[in-house]
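Novice: Taken in sequence, the protein lines are chains A and B. Mapping of the first sequence onto my numbering: residues -8 to 513, in sequence order. Mapping of the second sequence onto my numbering: residues 9 to 351, in sequence order.
Note that these hints are calculated values from the structure, not bench results. Everything numeric in this text was worked out from a predicted model, so none of it was measured. Treat the hints loosely; a few may be bogus.
[Said to hold, decoys possible] Which bits of chain B does chain A cover? Going by a derived footprint, with three or more residues having C-beta under 8 Å, they are:
no., segment
1, 212 to 220
2, 226 to 235
[Claimed, not checked] With a Cα cut of at most 30 Å, we get these calculated BS3-like pairs of lysine-lysine:
no., chain 1, residue 1, chain 2, residue 2
3, A, K391, A, K236
4, B, K204, A, K344
5, A, K374, A, K241
6, B, K204, A, K391
7, A, K374, A, K391
8, A, K344, A, K391
9, A, K374, B, K204
10, A, K374, A, K254
11, A, K254, A, K236
[Unchecked claim] Here are the in silico distance ranges between beta carbons for each label pair:
no., chain 1, residue 1, chain 2, residue 2, range
12, B, E316, A, D222, 53 to 63 Å
13, A, L371, B, F173, 22 to 32 Å
14, A, T78, B, F135, 37 to 47 Å
15, A, D386, B, Q205, 19 to 29 Å
Ideal placement from N, C-alpha and C gives every residue a C-beta, glycine not left out.
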Amino acid sequence: MLATSPPEEGALLPTPVPILEMRSIDKRFPGVHALMGVSMDVLPGEVHALVGENGAGKSTLMKILAGVYVADGGEIVYKGQPYAPRTPRESRDAGIVTIYQELNLVPDLSVTENMYLGVELQRGPFLDWPAMHRRARQLLSERLHLDLDPRTSVGRLGVGQQQMVEVAKALLHEADIIIMDEPTAALSLREIADLFAIVRELKSHGVSTIFISHHLDETFELSDRTSVLRDGQHVATVATADLTKAELIKYMVGRDLASLDPKRPAPIGAEVLRVEGLTRHGVFENISFSARAGEIVGIAGLVGAGRTEVVRGIFGADPLDAGRIFIDGREVSIKSPRDAIDNGIALLTEDRKSQGLVLIFDVRENITLSILDRLSRGQLTDKARERQVAAGFIDRLAIKASSQEQLALNLSGGTQQKVVLSKWLAAEARVIIFDEPTRGIDVGAKAEIYQIMNELVAQGDTIIMVSSELPEILAMSDRVLVMQGGRLRGELSRDEASQERIMHLATVSDGENGAEPAGAAA
Amino acid sequence: MNRTQALVRSIISGAGPALVLIAMAAALWVMSPAFRSPTSLMLIGLEAAALGLVAAGQTFVILTGGIDLSVEAMVSFAGVIAAILIAGTNVSGGQIAGGLPSWMAIPIALSLGLLIGAGQGVLVTAFRMNPLIVTLGVRSILLGFALVLSRGSGIYIKKDDLLGFITGRFEVLGLSIPIPLILTLIIYVICWIVLKQTKFGRYVYAIGGNETAARLSGVRTNLVKLSIYAISGFLAALAGILVMGRLESGAYQNGTNLTLMSVAAVVIGGTALTGGIGGIWGTLIGVFMIRLVDAGLVYMSFPSQAKEIMIGAIIVLAVLIDTARRGQIPWLTLRLRGGDPGG
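Throw the hints in and build the complete structure from the sequences for me.
Specialist: Set out below in structure tokens:
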């Protein structure tokens, strides 16, 4: 579209006046000094990437901007005025809008209703729906190039479109700064491309974006400048064009990372798991595959292809309508997670906080949750043995916790993942299913997780890995299964697999089968 | 650091209420001479016993994130059943020959409590019904049965030796300690062992903390939840026996107000209504607090009609404390944070 407003090539001009300056921001939580004198500025119409490992303080800093937290020290100048929002509403009214990873939309309300929630247009005492619908449609089509009926309820849209509704909402509030916290985490490649186009469009209208992401490819593609936080401190702000990926990673972790090729192949043994004809009507159909000892089998596909649902079915978390599961060639009956665990199958869910951990339990209690039967004398728990088991895993997986009594709540994403993994290793799982093993995990901890996966297959375990990150699939898998629309579309060996071939299988439908709806998306 | 954190937490949730309890008792002691008599202390202990049993069951249920609103009806129902069995009639006049001895009647009433509780557990788990509605409905059903079976008035009984013993007193050092209180304290020790020293107890906390994660970790969550409703039903029925034995009458009013009071006691004692956090000793403190307030009203010559107002106020206050404790009232936490120079 036509871009008229402020100069885009800010980097070439004499330094423009920042629209936002944060100076020496300090924030403490009980036991944690989350931000230590962080300073950062944002220029008008720039895309500013904010990166750092989990726990570096990115979210805290952004929540101060958004009025969720109040800073303990420091000052913020926004459009030349002191700025200290005490509520999210104050921040929004000032023109700073945050789009969180968990979108703040009401699924049962329409697009228009969501956009106008709290700022409804009225004619007299009545709501003026025609005007709201008209303006919503106009905004969506003109600014976001989105042909969407504003009467559709938001719950029926895909995640990508829901995010667009959030952006539209921000535009409605005439945002000058939009903060996006991990906006691409749940998006397909196509949706990510759309989102980037929108961000560039906003930029051409002079809207600034603060973009938080763990995907460095994305921040390099999109941002003008990159700021790095580490352990609550500001490390660097650099023009992205002057930065290499290796430099950025070094800023983030404070050290050089070893090679980016983490895979160490293990000897492949006998077949351990085989599934035949797994079906859950309307979700996935006729899924058959096998996995062998020492093997990492990757399952690729778009969000909504039914991958998570299949592995949940194998684990007994959701009921199956049909299909057989074999362990070591022997058919087993799995009707609940307990059955799966007893057969040596473990599932690390994609959402650790809501499904993997009891957050108000400490590290030890989480590790031993699956094996209390084994650790108990009769009905009574044996605390000494629990302590011993937990100490073993904290040591083995290098779990960074201040003590066994630290609550899971207070651990970083990578450490939480290690605690969940310890739980399954304690349960002596031999088939370990990882669903998005490194989602929301920072670069340093990712490498450690890959390392642990290598060790597991080296000792003869079997790993099934569902992942939306193609580089991860390609790097770690011995074999790649690709799903689309609830069906297995193909299988690629490690040598055959490439981004293009996987994406082809995941997106292009072949023949009449392709007409099947991907029921899993909703 | 986390040990201190844990210590601070346990002090706030444990010792805080205990200190308030002591302060309340001290205030009553100073202000009301009547309160100091051994008889009044004995009465408070006796009153605390029935509420204590009900609240112990309620603690289990609330720890899993549920709630049991049927307990007061169960107290009445179990009392009426036991009274009818012992009296051998449901005519309100009084005991006739041919009734069952209490050693037979009591187990029957307790088993009914256990089974009805388990039935509620089945509705909540297998049929995925909301515990609030299930237990509210069962409350009504049980009260209705108690009313019909007792024909609207009390069934009077004569205590036999066993019933006489478990509702009796125990004289030591010039104090008379009610046996029901001792029974209740024993039950509390058992509850503490179950909650803190057994895998079942760990599962109860795990379900309250994150039911999905617990299920995906192989915990048979439905079985555990079913069991806690059975425990709650059993303990409420036991309370019903004690109340009936003391009053020598099984009537549908026997359990009045115990539901609200038990929830209040649990929440005052530091157990979160959302589950996963809390414990049995806090509940005991909550029970005594409520009984002290109750007694205080009497000794401070408040009109007895004001009792309902106090109970209502206590439960609302308890939930307010629970909400504030978990930092869910933004303006309240803001002020607390502001006043704390760098925790």
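Novice: Are there hints from earlier that the structure breaks, and if so, what are their numbers?
Specialist: 5, 10
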